[in-house]
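There are 2 protein chains.
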Amino acid sequence: MRRKDFLKIGGMLAATASQTRLYGSPISKASPTHGPVDFVHDGLLLSPKEYAALLMKLADEGKIKTDYYSNGGVVEELEAKFVSLLGKESAVFMPTGTLANHIAVRHLAGQNRRVIVQEQSHLYNDTGDCAQTLSGLTLIPLGVNSVEFSLDELDSVVKKTQGGRVETHIGAISIESPVRRQKDQLFRYESVQKIAEYARSKDIKMHLDGARLFVQPVHNNVSVVQYSAPFDTVYTSLWKCFNAASGAVLAGTKSFTTNLFHERRMFGSGLPAAWAFAAVALYYADSFAKDYKQAWTNAQQLFGLLQKDERFSVTQFENGSHIVELTLKNANPTRFREALAKSNIELSAPTKASFLLKVNPSLNRIAPQSLASHFIESLS
Amino acid sequence: MRRKDFLKIGGMLAATASQTRLYGSPISKASPTHGPVDFVHDGLLLSPKEYAALLMKLADEGKIKTDYYSNGGVVEELEAKFVSLLGKESAVFMPTGTLANHIAVRHLAGQNRRVIVQEQSHLYNDTGDCAQTLSGLTLIPLGVNSVEFSLDELDSVVKKTQGGRVETHIGAISIESPVRRQKDQLFRYESVQKIAEYARSKDIKMHLDGARLFVQPVHNNVSVVQYSAPFDTVYTSLWKCFNAASGAVLAGTKSFTTNLFHERRMFGSGLPAAWAFAAVALYYADSFAKDYKQAWTNAQQLFGLLQKDERFSVTQFENGSHIVELTLKNANPTRFREALAKSNIELSAPTKASFLLKVNPSLNRIAPQSLASHFIESLS
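Residue numbers (the working numbering), protein chains in the order written: chain Z, 94 to 473; chain E, 94 to 473.
No wet-lab data here; the hints were simulated from the structure. Incorrect hints may appear among the rest.
[Said to hold, decoys possible] Okay, derived cross-link-like pairs now, DSSO-like style, lysine-lysine, Cα gap no bigger than 27 Å in a straight line:
#, chain 1, residue 1, chain 2, residue 2
1, Z, Lys347, Z, Lys174
2, E, Lys276, E, Lys445
3, Z, Lys174, Z, Lys158
4, E, Lys174, E, Lys386
5, E, Lys156, Z, Lys435
6, Z, Lys401, Z, Lys422
7, Z, Lys445, Z, Lys276
8, E, Lys158, Z, Lys435
9, E, Lys445, Z, Lys158
10, Z, Lys383, Z, Lys276
11, E, Lys435, Z, Lys156
12, E, Lys174, E, Lys156
In this text, all values refer to a predicted model and were calculated from it rather than measured experimentally.
Generate the whole structure from the sequences, applying the supplied hints.
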């Protein structure tokens, strides 16, 4: 009875889902109404109801093999998927990016306790100094208020380190790209290559904080695998682009990831069961690249249409990615935002007359022409 | 359309759930078939399908307000619930017990870096020395191979610490009860009281690792609130008894928990969304005590019935809790276990002719008489 009921419910859900696309990113070009569209998040912000419905569907299809303390089952399948997407030998699930970055530099540094980071990076600004406090690392921030740091800055710090009265060494360089605190602008691939070459010559390891790495290829024409190649370890987020409630993967060599789950557990992050995160991220793992590409194409169309109206101007950033700036002329930005919200279109709060718009697959829920009409109508 | 469909599906699920009790712990006294019964886990091990169905139901009832980085929403409701269940001023969600225990002793110790623990405790044995490695604490294990340590042992270490050539201090005492590595036997309340009185006199703080705390009252007639009272901080697990996939709460004074989420995030445990854990634990928070009491009553009946057959003997442990030992005479334990498994009744692997049986609310899914019949039939 119980089993049968489950199958029945699952079947109904699956049928309903395929009709109305409860989750995922439908492209409803001619639809008069549309699902929530936002210019705020990196992925689709699934509601608890959407999330539960997706878990039901996946469980019903036999796609959720449970893990044991974040090992095995669908967590292992997810790790294997990201091994392939990132082009690394091995990957380990982590509950957050904060921990993934920390464990990466902790390991890569080894006995060489100085670690180079961007002054604008998450690791330097938004982690409560975890690497310094819990791992005794010295983080040296370069590239003040910038997306990148230069090879000269790096070389200068390496030389100063060599000249210290007590011998110290740079163990690792961590690079974040896109850079969240710099409007998700990209650390150029050419710069990464130069730094990586220099690092190799000095036996310094390289880590990539690629929380939003999977939006990059649309903007720099460098594949995720190619961009990741010069790095010893790569972290990417499972909740930013891949819609899991939480989670991250940390990838590198087999010898790097072997037994890393012990360290994860020491940090208090050996979740007894992580399948509810892993199964959802795995579901979206293959489709995000395509969905985001479509969303960006739609966004370009939208911006083109808006700029025919002199009250809108759209600015893209140097080496930018999914964020653009929309500026209104002779219009009240607060009223504009409120009017759009009534049409199920969400913007972040404006700064003066400008909005930062973040493009994500929710844009695929409405035709660009229709979206442009909403924007224009919301001005009046 | 989407919204309506959700409501419809939710409604169907709720209706189906109330008929067949997809989750929860029904007491089906006369039922010929029964849901899975196990003597292995602390709570009900919900399958992904059961878990997703419960999330659907709760979302449908508007009971899942989302959190933001594990703050607010249903996480806050859960924290408030455990404030009341534990009788403390304030509580904070943690993704694991490992982190809850670690952060507790890290804070309580303050400048006094020695921490007393049971030699048999989780904190001393199963955390990769997190408190020593990441927080620089010195853990001093007392009560070798025992459930408890004595006041004399404690006093002896305090005196030795006072006599060291470099001044050090005991900052905290951590007590685990029930003690997992000692068959979940209880640290007696009288012993806790004596130690707490001593600790107060020396200005030493007290932490309780009560991962399975909520089974205790049935066995020692001391309420959770009363047992927790002498402790400055208390951790309890959300997945062991309360069926969340992961999670813990750490409770204490308001000044202890204020801003603790920053530290949680530094450790890499600020889950972007924890509602999928919190909502489920909250659902079971009030019912576990009652369900477990019923399960233990049923278990007592079962054991009584089994002992009428000379091929079974049941041993309870001194200051024991939900674990008992079942020994078979003149029977093959492996075949017995396999036969029970065919009746949807799971036991842990035997040691020689004995099984450790852990009692949990899954026992409420079958009448004790019927369960006893399965045991007896599985012998032949």
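Verification of the supplied hints:
{"no.": "1", "hint": "Z:Lys347 with Z:Lys174", "in the structure": "holds (15 Å)"}
{"no.": "2", "hint": "E:Lys276 with E:Lys445", "in the structure": "holds (17 Å)"}
{"no.": "3", "hint": "Z:Lys174 with Z:Lys158", "in the structure": "holds (15 Å)"}
{"no.": "4", "hint": "E:Lys174 with E:Lys386", "in the structure": "holds (20 Å)"}
{"no.": "5", "hint": "E:Lys156 with Z:Lys435", "in the structure": "holds (25 Å)"}
{"no.": "6", "hint": "Z:Lys401 with Z:Lys422", "in the structure": "holds (13 Å)"}
{"no.": "7", "hint": "Z:Lys445 with Z:Lys276", "in the structure": "holds (17 Å)"}
{"no.": "8", "hint": "E:Lys158 with Z:Lys435", "in the structure": "holds (21 Å)"}
{"no.": "9", "hint": "E:Lys445 with Z:Lys158", "in the structure": "violated (32 Å)"}
{"no.": "10", "hint": "Z:Lys383 with Z:Lys276", "in the structure": "holds (22 Å)"}
{"no.": "11", "hint": "E:Lys435 with Z:Lys156", "in the structure": "holds (25 Å)"}
{"no.": "12", "hint": "E:Lys174 with E:Lys156", "in the structure": "holds (14 Å)"}
Violated hints amount to a single one, hint 9; each of the other numbered hints is respected by the structure.
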